[in-house]
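**Q** What follows is each chain in one-letter form.
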Amino acid sequence: MTTSLIIPPAVILIAAGLAIPFLRGALRTTLLLAAPIIALLLIWQIPDGVQLSTSWLGYELQIVRGDKLARLFATVFAIMAFGGGLFSLNQSNSLELGAAYVYAGGALGVTFAGDLISVFVFWEVMAVASTFVVWSGGRAANGAGLRYAAIHMLGGVLLMAGITAEILSTGSAAFQVMDTSTPARWLILAGFLINAGAPPLSAWLPDAYPAASWSGTVFLSAFTTKTAVYVLMRGFPGAEILIFVGLYMVFYGIVYAILENDMRRILAYSIVNQVGFMVTGIGIGSEMALNGAAAHAFTHIIYKALLLMSAGSVLLMTGRSKCTDLGGLFRTMPFTMVMGVIGALAISAFPLTSGFISKSMISQGAADAHLAIVWFLLAAASAGVFLHAGIKFPWFVFFQKDSGLRPPEPPWNMRAGMLLMAAFCIGLGVAPGPLYEILPYPVDYVPYTASHVVFQLQLLLFSGLAFFVMLGMLKRTRTITLDFDWLYRRPGKWIMLRLNQFSEKFWDGLTGGVSETFSSLDASLRRYHGPKGVFGRTWPTGQMAFWTTVMLGTYVLLGLIWM
Amino acid sequence: MSGLQEHLPILQILVPLFGAILTAFTRRGITAWAIAAIASGIAPFISAGLLIRVLETGQPISYVMGSWAAPWGIEYRVDVLNAYVLLIISLIGLISIPYARKSVATEIDSHKQPWFYTMYLLCLAGLLGIVITGDAFNAFVFLEISSLATYTLIALGRNRRALLSAYQYLIMGTIGATFYIIGVGLLYVVTGTLNFADLATKLGPAMATHNKPILAAMAFMTVGISLKLALFPLHVWLPNAYAYAPSFATAFLAGTATKAAIYLLARIYFSVFAVVVPLKELPVSEVIIALSLAAMFLASITAIFEQNAKRMLAYSSVAQIGYITLGLALANKMGVAGGLVHMFNHAIMKTALFFALGAMAYRTGLGQMSSLAGIGRKMPITTAAFVVAGLGLIGVPGTAGFISKWYLAIGAINHGWTWLVFMIVLSSLLAVIYIGRFVEIAYFREPAPEIANAHEPPASMLAPLVILAAATIYLGFDTRLTGGTAQSIANYLLGGAP
Chain A
1 MTTSLIIPPA VILIAAGLAI PFLRGALRTT LLLAAPIIAL LLIWQIPDGV QLSTSWLGYE
61 LQIVRGDKLA RLFATVFAIM AFGGGLFSLN QSNSLELGAA YVYAGGALGV TFAGDLISVF
121 VFWEVMAVAS TFVVWSGGRA ANGAGLRYAA IHMLGGVLLM AGITAEILST GSAAFQVMDT
181 STPARWLILA GFLINAGAPP LSAWLPDAYP AASWSGTVFL SAFTTKTAVY VLMRGFPGAE
241 ILIFVGLYMV FYGIVYAILE NDMRRILAYS IVNQVGFMVT GIGIGSEMAL NGAAAHAFTH
301 IIYKALLLMS AGSVLLMTGR SKCTDLGGLF RTMPFTMVMG VIGALAISAF PLTSGFISKS
361 MISQGAADAH LAIVWFLLAA ASAGVFLHAG IKFPWFVFFQ KDSGLRPPEP PWNMRAGMLL
421 MAAFCIGLGV APGPLYEILP YPVDYVPYTA SHVVFQLQLL LFSGLAFFVM LGMLKRTRTI
481 TLDFDWLYRR PGKWIMLRLN QFSEKFWDGL TGGVSETFSS LDASLRRYHG PKGVFGRTWP
541 TGQMAFWTTV MLGTYVLLGL IWM
Chain B
1 MSGLQEHLPI LQILVPLFGA ILTAFTRRGI TAWAIAAIAS GIAPFISAGL LIRVLETGQP
61 ISYVMGSWAA PWGIEYRVDV LNAYVLLIIS LIGLISIPYA RKSVATEIDS HKQPWFYTMY
121 LLCLAGLLGI VITGDAFNAF VFLEISSLAT YTLIALGRNR RALLSAYQYL IMGTIGATFY
181 IIGVGLLYVV TGTLNFADLA TKLGPAMATH NKPILAAMAF MTVGISLKLA LFPLHVWLPN
241 AYAYAPSFAT AFLAGTATKA AIYLLARIYF SVFAVVVPLK ELPVSEVIIA LSLAAMFLAS
301 ITAIFEQNAK RMLAYSSVAQ IGYITLGLAL ANKMGVAGGL VHMFNHAIMK TALFFALGAM
361 AYRTGLGQMS SLAGIGRKMP ITTAAFVVAG LGLIGVPGTA GFISKWYLAI GAINHGWTWL
421 VFMIVLSSLL AVIYIGRFVE IAYFREPAPE IANAHEPPAS MLAPLVILAA ATIYLGFDTR
481 LTGGTAQSIA NYLLGGAP
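These protein sequence lines map, in sequence, to chains A and B.
Under the numbering used here, think of the first position of the first sequence as 1, with each following residue one higher.
Under the numbering used here, think of the first position of the second sequence as 1, with each following residue one higher.
Derived by calculation from the structure, the hints in this document are not laboratory data.
Note that the Cβ used here is the ideal one computed from N, Cα and C, for glycine as well.
Check the hints yourself; a few may be wrong.
Unchecked claim - Listed below are the simulated SDA-like cross-link pairs for lysine to any residue, each with C-alpha atoms no more than 25 Å apart in a straight line:
1. Lys-378(B) <-> Ser-92(A)
2. Lys-532(A) <-> Pro-233(B)
3. Lys-378(B) <-> Asn-93(A)
4. Lys-202(B) <-> Lys-212(B)
5. Lys-532(A) <-> Arg-160(B)
6. Lys-68(A) <-> Tyr-445(A)
7. Lys-532(A) <-> Arg-363(B)
8. Lys-532(A) <-> Leu-293(B)
9. Lys-212(B) <-> Trp-547(A)
10. Lys-102(B) <-> Leu-293(B)
11. Lys-102(B) <-> Arg-28(B)
Stated by the list, open to error - Cβ-to-Cβ under 7 Å is the rule here; a few derived chain B residues that face chain A:
12. Ile-171
13. Met-172
14. Ile-175
15. Ala-177
16. Val-275
17. Phe-305
18. Val-421
19. Met-423
20. Phe-444
Unchecked claim - If you want the footprint, here are the derived chain A segments under chain B, 3+ residues with CB under 8 Å:
21. 141–152
22. 159–172
23. 341–355
Produce the complete structure using the sequences and hints provided.
**A** Below, the structure written as C-alpha cells:
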C-alpha cells in the first residue's frame with residue numbers, strides 16, 4: 001500500500017555524497033549530519049518483504065527488500081556514517097567526505113538489495129567510492145589506492161562471473177541462501193571473501209586503509225568488510241569452509257598486529273582478526289552463532305571506529321603514526337586517551353563493554369555445536385586480541401615513554417564523534433537488550449553469568465600480566481613472537497608464519513613492479529607489445545599485405561578442408 | 001507528408017550527398033559547417049523514422065531505385081538490422097557536428113575547411129549507403145566513396161605522419177575493397193544476381209554445382225571486410241590512421257567507419273551465406289572467435305604500453321571490435337545481440353573518449369600520455385567525462401559497457417563455452433589497466449608547465465562530450481533502445497520473427 005512512498009536509504013546517502021564536494025561551510029555541515037539521520041529514519045520505515053522492485057533485462061530487481069538482518073546492518077551503517085561525518089566535520093577535503101558518503105550509501109544499497117544484480121551494482125559503487133576515499137589520503141596513497149582498486153576489480157570480476165552463471169543456471173536473480181555445490185557459487189563466495197579480507201589476499205586491507213587520511217580510515221574500517229560479512233551471512237550461512245577461513249583470518253590479524261609498529265596498521269590488522277571471528281560464526285551457522293556474528297559486526301563497527309578515531313586524532317594532532325615515535329600523550333590528550341582505552345576495552349571484550357556481549361555469542365555458538373577445537377582457538381585468540389589491540393595500542397600511543405610531544409586535544413567535533421561511539425560501546429555493554437532485540441533470530445542468551453564474566457576476566461588479566469612481564473621485549477617489537485609460543489602451540493605458529501609468508505609473496509607478485517617475476521613478465525610483454533614490439537610498431541605496408549594474403553589462404557584452405 | 005515518408009530510404013543518402021556538393025561550392029569554413037550541420041541534423045531523424053517503421057510493421061522496407069524492379073535495379077532494403085546501424089552512424093554524426101566547428105577551425109587551414117566538410121559528408125553518405133543498400137555491388141560503390149573520403153580526412157591531419165598513415169590505409173583499404181568485389185564477382189558468376197535477398201534464394205541451388213567458387217567468394221569477402229573492420233591481425237593500419245587524423249575525424253570514424261564494415265559482415269553471413277550453409281558447421285566462426293580473442297588480449301596489452309594517447313585508444317578500439325565480432329561469431333541469440341549492443345555502446349563510448357582527447361589537444365596541442373600529466377586538475381569536466389566513458393569501456397556495472405558484456409557472457413554460456421566468460425571478464429581487466437594508467441597520469445601527477453594555461457574547452461565541444469558520457473551511464477540502465485532492439489534483430493537474423 002505504501003510501496004510508492006519507499007525511498008531507498010542508499011539514495012539519500014549517495015545523493016548527499018554527490019552534493020557534498022560542491023558545498024562549503026554550514027551547508028556542508030548540515031548535510032553531513034542530516035543525511036545519515038534521514039537515512040536511519042527511512043531504514044526503520046521499511047517493512048519486511050520486497051518494497052521496491054523493477055525489471056531489467058527480464059529479471060526482477062528487488063532494490064529494497066526489508067527484513068531484520070538488513071535493518072540491523074543498515075542501522076549500524078547509518079550510525080557509523082553519522083559518527084564518521086561528525087568526526088570529519090573539520091576535514092577540508094570535501095571530495096573525500098563525498099566519496100565516503102557515496103561509499104556508505106553503497107553499503108546501505110547492498111544491505112537492502114534482494115537480488116544478486118542489485119547487490120553487484122551497489123558492490124561496485126562501494127569499490128569505486130572507497131578507492132577515492134583511499135586516494136584522498138594524499139600522494140603517498142596513490143600506489144595503495146591503485147592496488148586497492150585492482151584487488152576490488154578482481155573481486156568484482158569473480159563475482160560477476162559467478163552471478164552470471166548462477167542466474168543462468170537457476171533462472172532467477174534472487175539473492176537467497178546458497179550451498180557451495182556449483183562453480184558459480186564458489187565464484188560468488190570468492191568474490192564476497194575478497195572484500196572480507198580473507199586469505200590469500202588479506203593484505204589489501206592493511207595495505208590500503210592506513211594510507212587513507214585520518215578521517216578516511218574511520219569510514220573505510222566500517223563498510224567494505226562488514227557488507228562482506230552481511231552477504232556471507234545471507235548467502236552462505238553454515239558453509240563449513242568459512243570456519244577455516246575465519247580462523248585463519250583471526251590468527252593472521254593477531255600475528256601481524258603484534259609485529260606491527262604503525263598504530264593504524266595495527267588496527268587494520270585487527271579488522272582482519274575481528275572479521276575472522278564473524279566469518280567463523282557464519283561458518284558454524286547455528287542461530288546462536290549467526291546472531292553472534294551479526295551482533296559482533298554491529299559492535300565491532302562502533303568500537304573499531306572509536307579506536308581509529310582516537311588514532312586519527314593522534315595522527316592529526318601530531319602528524320605521526322609510528323608507535324616508536326609516540327608515547328606519553330595522556331598528559332595533554334587525556335580525553336582522546338580515555339576514548340582510546342574504552343575502544344580497546346571493548347575490542348578485548350571486557351565485561352560491561354559491547355565487545356563482551358557479542359563476541360561471547362560466537363564462542364557459545366561453537367560450544368553448542370560441540371566444536372571444541374574451534375572454541376579453544378577462539379578463546380586463545382581473544383587473549384591475542386587483548387594483547388595487540390587492547391593493550392598494545394593504548395600503551396604505546398598514550399603511555400610508555402615520554403616522547404616529548406605535547407599536542408592539544410582535537411577539535412570539538414572529533415571529540416563529539418568519539419564520545420558518541422564510546423557511549424554506544426558502554427551503553428550496549430551495560431544494557432544489551434535493545435541490540436538483542438533487533439538480531440535476526442530470537443535470543444535466549446544471557447551474557448552476564450558468573451562463569452562468563454570470570455572466564456573472560458581471567459583470560460584478560462593473564463594476558464595483561466603477560467604483556468607487562470614481557471614489556472622489555474615488546475619494545476623491540478621484532479622479537480616478541482618468539483616468546484609468545486605458549487599462546488598458540490608452536491607448530492600452529494610455524495604453519496601460520498609460513499602461510500603468511502606465502503601470502504605475502506603472493507601479494508608481492510600481484511602488486512608487482514618491484515618483484516622479479518612481475519618485472520620479467522613486464523619486460524617480455526613490453527618486448528612484443530611495447531612501441532617497438534611486433535604488436536605495437538607500425539608495420540611496413542608490404543607486411544600488412546602479406547598477412548592479408550595469409551588470412552585469405554587460411555580461409556580458402558579451411559573451406560577446402562571443410563568440403 | 002506520406003509521399004515524403006515513402007522516400008525516406010533514398011533521402012537518407014541524398015541529404016548528406018547533396019550537402020557534400022553544396023559544401024564543395026562554399027569558400028568559408030563556417031558556411032560549409034552550417035551545411036554539414038543541417039545535413040547531419042536531418043539524417044538521424046530519417047534513421048529513427050525508418051527504425052520505428054520497421055519495428056512497427058515487422059516488414060523490411062523496400063525502395064526501388066528509378067522504378068527498376070529488383071533484382072535488376074538497385075534496391076534499398078531496410079530491415080531492423082540496417083535501420084539500427086543507420087541510427088548509430090547518423091546519431092554519431094549528429095552529436096559530432098557541434099564539436100566539429102572549433103576543433104576543425106584550429107586543426108585545418110581555413111582554405112581547406114570547406115573541403116574537409118565535403119569529405120566528411122561524403123564519408124557519412126558512403127557509410128550510410130553501405131548500410132542501407134540491398135545490393136552487393138552498390139555496397140562496394142559506397143564502400144569506395146566512404147573510403148576515399150576517409151583517406152582524405154586522415155591525410156588532412158597536422159602531423160606529417162598523417163600522410164603516410166593515410167597512404168597505408170589507402171593501400172590496405174583498396175586491397176580490402178578489391179577482395180570484397182572479387183567475392184561479389186564470384187557470386188555473380190555462379191548466381192547471376194547482385195541483390196542480397198535474391199542471392200540468398202539463388203545460392204542454394206548454385207551450391208550444389210559450384211560449391212568451390214562460393215566458398216572462395218566467402219573467403220575473399222571475409223578477408224576483405226575484416227580488413228575494413230580492422231579484425232586482428234588485419235588491424236595494423238588502424239592505430240596510425242586514428243592517431244594522426246584530425247581530432248574530429250578520429251572521433252567520427254572511431255564511432256562509425258568500423259561499424260559499417262561490421263554490418264556488412266553480419267549481412268553477408270546472416271542474410272546470405274547462412275541461408276545455404278549452416279554457420280555453426282563452418283570453421284569460419286571458430287576462426288573469427290579465435291581472432292576476436294587475440295584482438296581482445298593482444299591489442300589491449302599493446303594499448304597498455306602505448307605512449308600516444310590516441311594510439312592507446314585506437315588499440316583499444318581493435319580490442320573492442322574483438323568483442324563485437326566475438327558476439328556475432330557465437331551465432332546464437334544472446335551472442336549476436338551482445339555484439340550488436342556493443343556496436344552501439346562502443347560507438348558512444350569511443351567517440352566520447354576521442355572527444356575528450358581532442359578537447360585536450362585543442363587546449364594544449366599535446367597528445368602524448370606523459371605530457372598530459374595533471375590535466376585532470378586543469379580540465380576537470382573533460383577528464384571526468386573521459387573517466388566515465390573509460391569505465392564504460394571496462395564494463396563497470398551501471399555503464400553501457402556492462403550491458404554489452406552481460407549479453408556476451410550469456411551468449412558464451414549458451415554456446416556451452418563457460419571459459420569464454422572468463423576470457424571476456426579477464427580481458428576487461430586489461431582495460432582497467434590502460435584506462436587506469438591515464439587516470440593516474442591525469443589526476444595524480446603534478447601539472448607540467450606546458451599545460452599550465454589549459455582550461456575547459458568551449459561549450460560547443462564540452463556539451464557533446466558530456467552528453468555522450470551521460471549516455472554511457474543512461475544506456476547502462478535503460479536498455480530498451482540497445483538491448484531490446486538488438487534482441488529482436490538477433491531473432492530476425494537467426495531465422496525467427498523480427
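**Q** Taking the earlier hints as the rules, which of them does this structure contradict?
**A** Violated: hints 7, 10, 15, 16, 19 and 23.
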